[in-house]
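Participant: The primary structure of each chain is shown beneath.
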Amino acid sequence: ETGVTQSPTHLIKTRGQQVTLRCSSQSGHNTVSWYQQALGQGPQFIFQYYREEENGRGNFPPRFSGLQFPNYSSELNVNALELDDSALYLCASSPRGAGAPLHFGNGTRLTVT
Amino acid sequence: AQSVTQLGSHVSVSEGALVLLRCNYSSSVPPYLFWYVQYPNQGLQLLLKYTSAATLVKGINGFEAEFKKSETSFHLTKPSAHMSDAAEYFCAVSETGGYQKVTFGTGTKLQVIP
Chain A
36 ETGVTQSPTH LIKTRGQQVT LRCSSQSGHN TVSWYQQALG QGPQFIFQYY REEENGRGNF
96 PPRFSGLQFP NYSSELNVNA LELDDSALYL CASSPRGAGA PLHFGNGTRL TVT
Chain B
88 AQSVTQLGSH VSVSEGALVL LRCNYSSSVP PYLFWYVQYP NQGLQLLLKY TSAATLVKGI
148 NGFEAEFKKS ETSFHLTKPS AHMSDAAEYF CAVSETGGYQ KVTFGTGTKL QVIP
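Chains A and B, in that order, are what the protein sequence lines are.
The first sequence lines up with residues 36 to 148 when you count with the working numbering.
The second sequence lines up with residues 88 to 201 when you count with the working numbering.
Treat each hint with caution, since some may be false.
As the list claims (entries may be wrong) - Ranges between beta-carbon positions, derived for each pair:
#	chain 1	residue 1	chain 2	residue 2	range
1	A	Pro105	B	Thr164	36 to 46 angstroms
2	B	Gly95	A	Thr55	20 to 30 angstroms
3	B	Ser101	A	Gln52	25 to 35 angstroms
4	A	Asn112	B	Leu105	25 to 35 angstroms
5	A	Pro97	B	Gln132	24 to 34 angstroms
Said to hold, decoys possible - Chain B regions said to be covered by chain A (calculated; three or more residues, Cβ under 8 angstroms):
#	segment
6	101-110
7	146-160
In short, the hints are calculated from the structure, not lab data.
Don't be surprised by glycine CBs; every beta carbon is placed ideally from N, CA and C.
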């Protein structure tokens, strides 16, 4: 089975710009979650998508937005980038259900200068 | 909101020694609990998961964890450390509500000394 793939692997942007990160979920998984992992920290929940709709959100401002497509792949968009947005962004897919384990991609390393 | 606390941001053990990584959770109801491992420049990989079927959970690579409700703990252990175990380990708890939100601890970096 194909695992979770994320693109690009690395990205450098300037403060104020916009960025789009992409994720292909593992086959058979209909739920996609996005996490932000700052250096030396644990992953922080951004939001989750199921059936192409956002159905849960962490403590992130509206300039963080996303999409899920009919094939369950997903995008994370961040507008008006700030220096503190520099982090590893992780996508995870899973079957629906509170106890279902997450399957992570290797992440996109975003650097904002 | 549910949360997890990992005691010790860095743990060093000798190769062949016992590995013990500590995790305490806060939850008003029995939660789903997980341990994940992260190798440098990679995503997180599931080590094991607690779902109330058994208090002692066995995972991959010889790791296991014991759920202790009275202590609200879910510590990770391995009898004998191997050099390949050097990585960062995250304890996590899953919400049991309407959507699946997994909350992670701050992580424990394990160093294995030859």
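Participant: Work down the list of hints and note, for each, if the structure agrees.
Facilitator: Taking the hints in turn, this is what the structure says about them:
no. : hint                                         : result
1   : Pro105(A) with Thr164(B): 36 to 46 angstroms : 43 angstroms, holds
2   : Gly95(B) with Thr55(A): 20 to 30 angstroms   : 38 angstroms, violated
3   : Ser101(B) with Gln52(A): 25 to 35 angstroms  : 48 angstroms, violated
4   : Asn112(A) with Leu105(B): 25 to 35 angstroms : 46 angstroms, violated
5   : Pro97(A) with Gln132(B): 24 to 34 angstroms  : 32 angstroms, holds
6   : 101-110                                      : violated (count 0)
7   : 146-160                                      : violated (count 0)
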